[in-house]
Each structure stands twice: as C-alpha cells, then as structure tokens.
Amino acid sequence: MQRSSWLGLAFLSPALIVVLLFFLMPVILTGIFAFTNMSTATGVKGGSYVLNASSLRALTDAGLPDVTRSQIESAGYRVDERGLAALAEAHGQAVAEEFSKNHAGEVFTKRRDVERALKDLSSNPIRKTRDRKAAADLFKRSILNQRYETLDAFEAALNEAGIPKPDRPLITEIAYTGWTWTTANFDLLLSLDSTWQYAKNTGIYVTFTLAFNVVFGLFLAITTFYLPAAQATAFRAIWFLPRILPPVLYIVMWRWFTWDTGFISTVLSGFGVSSKNWMLDTEYHAWVTVILINGFVGASMGMIVFSSAIRAIPASMLYASEVDGASRWQQVWYIILPQLRWPILFITSYQTMSLLTSFEYIYLSTDGGPGGSTEVWALAAFHTALNNYGGNLQYGLGATYALLLVVIGVLASLFYLRLFNFKNLLTKPRIEG
Amino acid sequence: MRISITNFTKTFGDTTVIKDMSLEIESGEMLALLGPSGCGKSTTLFSICGIHRMNAGRLRFGDKDVTKRPPQERNVGVVFQNYALYPHMDVHANIAFPLKVRKEPRAEIDRKVLEIAALVHIEELLQRKPSQLSGGQQQRVALARALVRKPDILLLDEPLANLDAKLRLEMRSEIRRIQQQTGITAVLVTHDQVEAMSMCDRIALMNKGDIVQVCKPKEMYDNPASDFVAGFLGNPPIAFLDGIANDGEIRLANSEVALRLPSNVIDLSNGTQLRLGIRPEFFQPENDMKVTGKVSFVETQGREDLFDVTLTNGAVLRSIQSRGGDIKLGDEVTWGISREHILAFGPGGERL
Ligand SMILES: Nc1ncnc2c1ncn2[C@@H]1O[C@H](COP(=O)(O)OP(=O)(O)OP(=O)(O)O)[C@@H](O)[C@H]1O
Ligand SMILES: [Mg+2]
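Residue numbers (this note's numbering), protein chains in the order written: chain B, 156 to 588; chain A, 12 to 363.
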C-alpha cells in the first residue's frame, strides 16, 4: 500500500471507529447474546454458586447418583476443628474440649440434634436457647442454600462436604447462577408455536403495510402532480405531518380515535351501534389499525420520493404524450408509472427493511394484542428481551430473535442490491463516438 | 389543413409573451416561424397544438374552431426540440404510441408503423431503445411518431438544433421531402435563417412576441419590411449607415461624406433621419458610388473573402468578394456601392 493511502486511512480512522462502534458492535453483541442464556436471573456479569431445592431437582434429572444427593442433603452439622475452635472462642475452652471429647467427627442432620448434644454437656454451660442455636450454627457445614461468590469457595465447600470428585463438575455447572454459552435458544425458538405465529404476523404486517405505502404514496404523488403548485405543496405538507409528529402523540390520537369512548364509538353510537374499543376488540380491527397507522406514516416517504421522480420527467415528454392523444389515465399508465419503476423498487426494498425491524407504532398502539395476534417478530424480540410481563427478561432468547431478523435483513438487502446493480447495467451511459 | 390564428395573446403570470398576433397558414404549406431566442416561437407552437392555453384570440383548423380543445382532440403531430421520445419504449412502441392510445387493432398498428418507418428510413431500428440511437436517428423516430396517425398539421420545434452540420443538411431536405410527399401543413420553428429560407414556402419573422413580416424567403431578403428583418436575414449580415437626408443625398453622421439616395426615396424632405442598409454583395470594387475606408477585418470563407471596411466616421461596411485579391488588414480601399440596391429605412426602422 502506498503512503498516501495509509494517510487516507488515518484520516478515515475516526469514521471507522464510529462505524465499528455504532454499526458493527450492535450486530456483534446481538450475535454474542444469542448464544447465551442471559436473563434477569443470570445477570449479564458473572454469577455465584448456589445449590437449592430446584437445583437439586435439576441434578437428579441430570442423573446425579442418589447417594451423592443424599450426601448433599445430609451434609448438615459436622463437629470438626473449625467448629470447635469457634465454640471455644464463644463459650470457653472447657466447653469446646468436652464437646470434642463426646462428639468429635460426628455428623448431625438437624440443628435440633446439635442443640440437644450441647444441652447434654455436663453442667449445661449454654443456658439460653438463643445462644445454643447460635452455637449449633457454628458447626453448620451444609452446602444447601449457601451462596458462594467464587468457584474456589464452592469447590472447597464440596470438598469439605465430602462430595465424590466425579460428581463435582455436574454439581458446579448446575449450581452456577451466572450466564453460560449455549445454543439452546435456537432449538427452543424453533420448537415454539408462537415463533411461527410471529413469523406469520410479520409477513402480514410487512406485506400489507408495504402495499399500502407504495400504492398510497403513488396515488398522492400523482394526484398532487396534477394539482396547481400551491395546493400541491399544502397537500404534501399535510401528508408529511404524521412522519414529523412524535410517534407517541400520533398514537395517542389514534387511541382517542378508537377508544370505547372515542371518536368512532361516539359517532356510531348515534346510529345505535354500541360503543367498544375499535382498535382491540377483534384481531381484524387490530390489524387494520396497525396497517393504517404504519401505512399513513410510510406513505409520506413514498410520496416525497415519487413526487420528485415525477417532476424529474422532462415536461416535453408529458406534452408529447398529450399531443399523441393520451388521456390522463393513459399518461399515468404508459408514461409516468414506467418511469417510476426504480423509485418504486427503491421504496419497496427500503420499506421492507425498515418494516421488518420496526415495531414502535405497534408497541404503542396494540402492543401485540389482542392475544398476541399483532405480535410481530421484532416486537417479540423486544418483549422477550426487554419488556416481559413475567419479570424475567430473557436477553439471550431475545437476542436470538433479533439475530434471525438481522440474517433475514442481510439476505434481503443482498437480493435488492443485486437488483439495483442490474439497473446500473441497463442504464450504462452510452458514449457516442 | 389551413391554420388561422387571430388576435392571439399569451401571458405567463405578469409577463405578456405574445400580444395580439394574427397569422394565416395555407393548407399544404410549410411555414417557418423565425426569430431570435426568446421571441415566443415555441410559445406560439405550443399554443397551436394545445399544450398552452391561449389567453385571448381564436385558433381555427380549417373551419373548425379549436381554441378551447385539449391537445388530445386537435390531431396535431409535434416534433419537440429534444425529440421527447419515451425512453422506456423501443422505437416500434414509440411510433405506435399515438395509435395505441386510440386503441387501434394490433395488426393495423403494425402495418402503419412499418409504413411510416419506411418513409423515414428507419425500418432496421424498430427494436432499439431511444438511448441506442444517434441524434439523427432519434430525430427520424420523432418525425415518424408525429406523422404515424396522419395528423392534420405537423409542428416542428427546432428539429435540427441538436444535429451536427452535415446531418443538419441531410435532414433539412429529408423533412422537406416528407412534408411534400405527405402534403401536410407544417410549421417549422427555427432561429436559423438558412434553415427557414431553404426549407419553407414562407417565413413568418417574429420579434419580441410580434410577427414583423410574413412572405416568401426571397422576397423577405430582397424586400425587408424593417431594418430588423434586413438585419436578421443574410449571412454575412447587412451593414447600416446612419445619416440625414439633404437634397437627394444622405450626409453620413459625423462626417463630410455624402452619398446619393436610391431613386425610390430621392424626394425626401431635407433633415429626415435615415438609415441605409447595404448588403455585402452590393459593396464591391467595380460599383460606381465610391466610398473610402480602411480594411479592419478580413475573413477567408473558402470560396469567398469577407471584408469589414471602417469609414472615417467609424461606420462599418461589409463586402463579400470572390477570392483572388491581395488586400490585407489596414489597407485603404475605395470601393463602390450599388445605388439601386440600397435599402432605406426611416427613423423608426420602417422601410422607406
Ligand atoms: N412557462 C413559462 N413561464 C414563464 N415564462 C415563460 C414560460 N415559457 C416561456 N416563457 C417566456 O416566454 C418567452 C418566449 O419563450 P419561447 O420559449 O416561446 O421562446 P423561443 O422563441 O422558443 O426561444 P428559443 O429559440 O430560445 O427556444 C421567453 O421570454 C420565456 O422566458
Ligand atoms: Mg423554443
């Protein structure tokens, strides 16, 4: 590489860093998260080691020998050096020595048994029940329901409890509360019926909204083209409003429009129709609302692009079609629409991409309802990862949903890019010699 | 078909482009709308075919009043300055378009397209897209599209402006041939006097939205109605001398030189402001009414040489002569003006 190109790269480096940070990193992180079981329970940092009732159940399911299991359960109270030293400190050397003489090396399953042993000491040195309980706890060696912050501490505890070495890796794995690498998300995702429902919903959402966007955008562009300039500008400005309105405001308006005390209900009640929530009462109404909301917002974009494309058609070509005898309809059909082929393709591909990944208007309006009937893939990813009713946010599973969406998006962009390249071939500038 | 325009006015917003224009174009005639850029030629043409609405006045094709008719109902073929071919259709579809929108049967369309393609010699180009054609070929396609439905009138807006010199010559005679072969009434818009004179039966010369003279090309050259017409026609252009009439002579401004006036204006009253127009071919060494000046410009035009001669008062005369002399820049020459060919104009530019 020449020096000048290194220099160029150096100048570009801030931009490269930005690209890496804000464009590539999200995708990479999504990819990483998708292969983990991260959730609220595991946290995103490391975890600790805990054995509890549910992990015991999991251990049994995973084939832990019953002997080992009962060993874990019964590793209750052990009279060992450490405990005796603590006892000596709390209640005097004499007490410790006597207790050691009677019970050294013994294991008690229950605290009550330890307490009784303490009570049975000559002269009953620990009189208060509360103190006896505390003293018994000094010998507690159970690893159940104990939180160990490091692997070393946990392994030491297993060692102390005398758990057989071959069983330890399994126990360690299940006791770990942090996240781990796994491909289970993908299996789970493919096995869930709801996944296919999300895919179907996304298909409906993208297809109908896209059709609405393109057809309505075209309609607006063509009608405003034939209007006098001032009216056309006013119309375009009005149709552009939804796009510049904050989504929340726009949705508030729609909600008010469809509420059971809202506009539609109020008007229809005058005709004897009982009022109801027109957005969420049926699946069908929910879809119509979702498609209209997104359609109106998206149509403004199509309208702007198509309008400027129409205005780029040389006026003389339109004049020519008029003197050739073409009516307005024929002019639109034979002259204007064919020349909008590439803008239409552009809008189609661009909107496919943004619709695939967009869910904010659905989230704000139906939130996937009623009963998940308008839950699209991107919204499912959001709900799973960031906004779960159950409270356990499954970052890993959500990232898996998102990752699949990224893959579909990349494939679709490659497909559209090929189409656009094809266009370049068609309209290669012709150099006259 | 005869076209008659009466009291036509066209305004865009506040600017009046055409004011009170009247023009008659005979059936089967080819008329040139000639004039400098921006004088309203295209505006007139677009009003004839209905693209522009007339603000006032009447337009008749034959006996039919079409003033209020939309372009679709006028049956006019138009060739636009940039041809305005439809880039997404091939040549066949371009030519067939006027028939297709009339929903003529396919077989009929194909027959007519082939027929017209033969007339303009583009049979072998029918499958190409406009972007695959040369300028001259595009021009022929535009012509074919304008003619295919047998329009009553053919309008051409500077059809040759985008062609190179050789092709322009070729297409000039080609368009004329097709016009005469079909006998169609045609209006040719151009700012090129040679084009207008060589292709058309008559010329309507326009200036600032007005028609200043309508007549046959030769007559307009020999007998211009004003100094504007005289100055517009002729290449190299006519030269003007300003002065004051005095006893059948003209005393040139700021000088002692006096020249005899042509016989048709000899009895002007003394003191009248005058403007004489002298074409280069009438300022020659052998003519008898001599003037003296310095050669201030020499241009060799192949067969002929062109000279500018600056007189003592600063006025310039032009002369075009066969080659052969050895006159150089700065030489003093005494050449003669052909008295009876002098064109005399009054103070307002009107012909005397
Ligand atoms: N749509 C329009 N709006 C405003 N003014 C216009 C419009 N079309 C033409 N004009 C003006 O009308 C005048 C005549 O225009 P026109 O196109 O008829 O000229 P032209 O004689 O065809 O000139 P050229 O030889 O350059 O084509 C010009 O001054 C032009 O600026
Ligand atoms: Mg013009």
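Possibly wrong hints are sitting among the right ones.
[Unchecked claim] One side of the interface only, derived from the structure: several residues of chain A facing chain B at Cβ under 8 angstroms: (1) ILE62; (2) GLN83; (3) VAL87; (4) PHE91; (5) ASN93; (6) TYR97; (7) HIS99; (8) ARG113; (9) PRO116.
Derived from the structure by calculation, the hints contain no laboratory data.
Glycine included, each C-beta is placed from N, C-alpha and C at the ideal position.
(message) Is the interface hint satisfied for A/HIS99? The criterion is a beta-carbon contact with chain B at less than 8 angstroms.
(response) holds (4 angstroms)
(message) Does A/GLN83 hold up as a contact with chain B if the rule is Cβ-Cβ below 8 angstroms?
(response) holds (5 angstroms)
(request) Using 8 angstroms as the Cβ threshold, decide whether A/ASN93 counts as touching chain B. (result) holds (6 angstroms)
(message) The hint names A/PHE91 as touching chain B; please verify it with the least Cβ-Cβ distance against 8 angstroms.
(response) It holds, given that the least Cβ distance between A/PHE91 and chain B is near 5 angstroms, below 8 angstroms.
(request) With chain B as the partner, please determine if A/PRO116 meets the hint condition of a C-beta pair closer than 8 angstroms. (result) The hint is violated - A/PRO116 has no Cβ within 8 angstroms of chain B, the shortest such distance being about 16 angstroms.
(message) Min Cβ distance, A/ARG113 to chain B: is it shorter than 8 angstroms?
(response) Given a least distance of 6 angstroms, the restraint on A/ARG113 holds.
(request) Against chain B, run the beta carbon of A/ILE62 and see if the smallest gap drops under 8 angstroms. (result) Nearest chain B Cβ about 5 angstroms off; hint holds.
(message) Take the shortest C-beta to C-beta distance between A/VAL87 and chain B; is it under 8 angstroms?
(response) holds (6 angstroms)
(request) Using 8 angstroms as the Cβ threshold, decide whether A/TYR97 counts as touching chain B. (result) holds (6 angstroms)
The earlier numbered hint that this structure contradicts is number 9, and it is the only one.
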